[in-house]
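K.L.:
Chains as they are written, first to last, in UniProt numbering: chain A, 1 to 137; chain B, 1 to 447.
Please note: incorrect hints may appear among the correct ones.
[As the list claims (entries may be wrong)] Taking CB as the label site, the calculated pair distances span:
no.	chain 1	residue 1	chain 2	residue 2	range
1	A	46	B	284	21 to 31 Å
2	A	49	B	440	37 to 47 Å
3	B	67	A	33	12 to 22 Å
4	B	333	A	65	37 to 47 Å
5	B	104	A	33	25 to 35 Å
6	B	416	A	110	23 to 33 Å
7	A	122	B	206	41 to 51 Å
8	B	90	A	65	16 to 26 Å
9	B	407	A	110	55 to 65 Å
10	B	391	A	122	40 to 50 Å
11	B	146	A	65	51 to 61 Å
12	B	285	A	15	50 to 60 Å
Calculated directly from the structure, the hints in this document are not laboratory data.
Think of the CB as a built atom: it goes at the ideal place given N, C-alpha and C, for glycine as much as any other residue.
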Amino acid sequence: MAVKALQAVSQGRNGVGAFILQCKRIDLHYCDWAGSSRGMNGFIKSLLPKFAAAHPQIEFTVSPRPAKHPVAIGHYINGRSKPICVRNMEPYEILKKLELLRDASGEKLKKVTKPVRSINESVRGIWSPYHGNGMPL
Amino acid sequence: MMKRLRIERATGQLLAAHPSTTSTPGAALRSSHRASQVPVRHQSSSAVEAKSHTPLYEEDGTDHSRFPPLEKLPPNTSALPSPLPSRALQSAKLAALHARLSLSPKIPLQTLARTLVDASADPNPQFNNSSLAFLGSTIINYHASEWFMVHYPRLPMDVFYAAMTGLAGPAPLHRIAKSWGIESAAVPGGEVDPGLLQFSLEHPGESVLGFGYTRTVVGKINKNNWQRSVASKVIYDDDFGQAVPPPSQQPKEENNPAEEEESEEFSESVPLPKFSPTSYGSEQTRELSEKAHANFVRAVVGAMYAHCGREAAKSFVKAHVLSRHLDLERLFAFKHPTLELAMLCAREEFDPPVARLLSETGRLSRTPVFVVGIYSGNDKLGEGAGATLEQARLKAAMHALKAWYLYSPGERARVPSDMLGDEDEGGAEKKKSWEPVYVDIGELISR
Numbered sequence: 001m002a003v004k005a006l007q008a009v010s011q012g013r014n015g016v017g018a019f020i021l022q023c024k025r026i027d028l029h030y031c032d033w034a035g036s037s038r039g040m041n042g043f044i045k046s047l048l049p050k051f052a053a054a055h056p057q058i059e060f061t062v063s064p065r066p067a068k069h070p071v072a073i074g075h076y077i078n079g080r081s082k083p084i085c086v087r088n089m090e091p092y093e094i095l096k097k098l099e100l101l102r103d104a105s106g107e108k109l110k111k112v113t114k115p116v117r118s119i120n121e122s123v124r125g126i127w128s129p130y131h132g133n134g135m136p137l
Numbered sequence: 001m002m003k004r005l006r007i008e009r010a011t012g013q014l015l016a017a018h019p020s021t022t023s024t025p026g027a028a029l030r031s032s033h034r035a036s037q038v039p040v041r042h043q044s045s046s047a048v049e050a051k052s053h054t055p056l057y058e059e060d061g062t063d064h065s066r067f068p069p070l071e072k073l074p075p076n077t078s079a080l081p082s083p084l085p086s087r088a089l090q091s092a093k094l095a096a097l098h099a100r101l102s103l104s105p106k107i108p109l110q111t112l113a114r115t116l117v118d119a120s121a122d123p124n125p126q127f128n129n130s131s132l133a134f135l136g137s138t139i140i141n142y143h144a145s146e147w148f149m150v151h152y153p154r155l156p157m158d159v160f161y162a163a164m165t166g167l168a169g170p171a172p173l174h175r176i177a178k179s180w181g182i183e184s185a186a187v188p189g190g191e192v193d194p195g196l197l198q199f200s201l202e203h204p205g206e207s208v209l210g211f212g213y214t215r216t217v218v219g220k221i222n223k224n225n226w227q228r229s230v231a232s233k234v235i236y237d238d239d240f241g242q243a244v245p246p247p248s249q250q251p252k253e254e255n256n257p258a259e260e261e262e263s264e265e266f267s268e269s270v271p272l273p274k275f276s277p278t279s280y281g282s283e284q285t286r287e288l289s290e291k292a293h294a295n296f297v298r299a300v301v302g303a304m305y306a307h308c309g310r311e312a313a314k315s316f317v318k319a320h321v322l323s324r325h326l327d328l329e330r331l332f333a334f335k336h337p338t339l340e341l342a343m344l345c346a347r348e349e350f351d352p353p354v355a356r357l358l359s360e361t362g363r364l365s366r367t368p369v370f371v372v373g374i375y376s377g378n379d380k381l382g383e384g385a386g387a388t389l390e391q392a393r394l395k396a397a398m399h400a401l402k403a404w405y406l407y408s409p410g411e412r413a414r415v416p417s418d419m420l421g422d423e424d425e426g427g428a429e430k431k432k433s434w435e436p437v438y439v440d441i442g443e444l445i446s447r
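Next comes chain B alone, as it looks inside the complex:
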């Protein structure tokens, strides 16, 4: 039998990300900072050292003897793109967040602090949350999609994608982060509290968050709202049926080690802000904020998986994402419900559907009500009430179609990942009693 990979043993790197190569200016600063913590005097870098010992916040004219800073920050902190991992242990906000989410003590505060650093705040993947967010997004999307597949096996693919977006897409994850009481820093930086979500509105960061094939015509698809077939969405596009955007055209910043002098100011490499502060709340900034919040939630799930294992991550996703209320009945938009119902009955070899008036009141009044039932042979497929006969018939057809599409084997139907439990936790007997789930033959009409 294959030995299972012990992923929690590999999480030491999350705690202390040792930048082996100083790939970005931030990493260079961090490594220089680590060196300055060692109680060895660096005579060679005396100019930098002398500069780094000047107290922080001096330039704003504050009298530090009267108003000492709340937290004693290490030198050069404000030049870093994100807070040092060691500062996570001092943050009251971070500890409160850890307790509020009832996270396991196996998840250290340093990792939780890392989940709060978006790729737009710190481009170095060893310090931002992009890797954890990628891991978390795969876990969330897997559990959400298997839940829909098992509990609603007849969902049409378009509705399935809408349900996935409504339950596990960026908008609901943003709301989840808000419901956890996450506050964001106005501007990311090394001196901000590690318990605040840090993302930049000036330069959106790059973080790969899904598998998918970038179509060659993706620009035209997004610009002209081109139609894509459902089959091509399944093959090419991401978990939410959205066309995968192309990777950014700008080449990655090449950092020559020779250029990375310690005297180089990190702020020099930051491009000028594109928006004025008055543009806060524009559609673009709202989108960036939503993305950062969603990535934070994904990263927490990823950290959960890395430190506590699969079962803990699953129960966390179940408790925080899948337990939310999404009314699937409201996701359907029918164009020709009667026609579609007739085709369904033909495919399933039912008798052709017939609409019958069940009851009515006030036909000649201002507010008539007709109740129409749709019958296939002697079976009533659905019924609807409306102010006109036509409206009541259409409603009845829609109800019949929804009753077909929203068939569910019940709340207690088990998903495949329920069978993945460890052997010592009674997983073996769970495996014995697995019954195959219902798989539908497919959509009625597909484009």
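Looking at chain A on its own, in the form it has when it is part of the complex:
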């Protein structure tokens, strides 16, 4: 007889209330010997300390990967990772790639062709053909 309750779980909206950066870890791999890692080695020596200090919310790991091209891998809160091969790149090009990893959400890149659905209520309400005076023809 009385009103019964159904169960639901609240949905998070990142940026409403608090913002959490989605990139949680960046792995940097380099090689001491190979020429394709020259830019990466310079980046680790010169630019990485400043970049890492500016982003305390990202965990940085640096590890050697002998006889392989250098790579930067971003790990995201949604569980996905985004690897970028940075062979033969200059330090500032690698910095750009790291900024890309930092700003990414971790979602797969996809083209939005369908209308975006929102969980927010429409401010203007939903138009109804059965209401109002209508338009005289």
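Go by the hints and put chain B onto chain A.
P.N.:
Okay, now just chain B, sitting in the frame of chain A:
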């Protein structure tokens, strides 16, 4: 005037939990470890010392000269149930988590590390998060319930409990922890990174997480799905209207100090695992994982309160818990909406509700649409559109009831805790302008 308790002065114990009595084997090991750090040679415990100096991870056959361990661990670390508090300062994951949540620097990394240790991983309450989680749960539940009470004063109690569970219960808190990027350790232990959430799937820990009265028939209530009246839920049950489970029947482990020899291996006291590793992802393990994640979020709020004070904890709860989207309209399930609306109108001394057809199209077609409005005198209470007249009438009645139940004084209505600001922060003038909130006379029909 009463002086306010300065709770942040009392938080030194969170940093360095000094086990005064070695109540559990873990505490005994920790104290022995602390003793071994002091540069005094313990000749008497030579056997234990010699054992503790053997390098860790030797048994797995790793060549440590070629592959040195990433972190130099203190001896006997893997025998501890949870990482040492001092290791929190070296964990990159923990520092990143601290920065990701924009926590105040007043919250030390050691406390954040403690919030990540569930009671199932470390039974010692001086090292696990159960006390912080209890504190945090009271704060979260208080702010959520006062928010609902002020912003939706006419919510029926059952819907109120569902809304509380949907906003501050274990499931949403688990999602919050996931959205913070929390990773969990496969198995808890002293050697794992302190930045990982540690809980055990083998022996669920005991942590008191709510006030409430354990009903004598709680077993039958849960087993047979017995109905409980709303009034008894308010009196007896916890903040989410759930029957409080009885405390576990097993007696607490009695540890005689005489038995606690230092040579005792901690792993001997751990019971054998009940599940095989293949049972990961079963309903039970998922529930344990959800509980551990929720307790972590509660413990972070508790740590926030202990180190930064009430206002910081409130704004943290507001930013992370109350800001989430919960559609209250979807929580209602009506059985006889027209009858209920008629009773509402009778109670409020409105004219009895009358359904009127407002417009229609395609009555004889395959897809007719009827728009029905419910009127009380000249006032339209609600309207709904449906494919049959009956359906449209019921929808209109439901909309009218929801419009009544979901009355809100507005987003900017203030909650009582807004008045608790410190005097030096302009709280005095806030207190002057307090207006009593709307309190409804009660539910329409209650069981």
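K.L.:
Could you run down the list of hints and mark each one as holding or not?
P.N.:
Do the hints match the structure? See the list:
no., hint, verdict
1, 46/A - 284/B: 21 to 31 Å, "52 Å, violated"
2, 49/A - 440/B: 37 to 47 Å, "60 Å, violated"
3, 67/B - 33/A: 12 to 22 Å, "20 Å, holds"
4, 333/B - 65/A: 37 to 47 Å, "57 Å, violated"
5, 104/B - 33/A: 25 to 35 Å, "45 Å, violated"
6, 416/B - 110/A: 23 to 33 Å, "46 Å, violated"
7, 122/A - 206/B: 41 to 51 Å, "48 Å, holds"
8, 90/B - 65/A: 16 to 26 Å, "24 Å, holds"
9, 407/B - 110/A: 55 to 65 Å, "42 Å, violated"
10, 391/B - 122/A: 40 to 50 Å, "24 Å, violated"
11, 146/B - 65/A: 51 to 61 Å, "54 Å, holds"
12, 285/B - 15/A: 50 to 60 Å, "32 Å, violated"
The structure is inconsistent with the numbered hints 1, 2, 4, 5, 6, 9, 10 and 12, although it conforms to all the rest.
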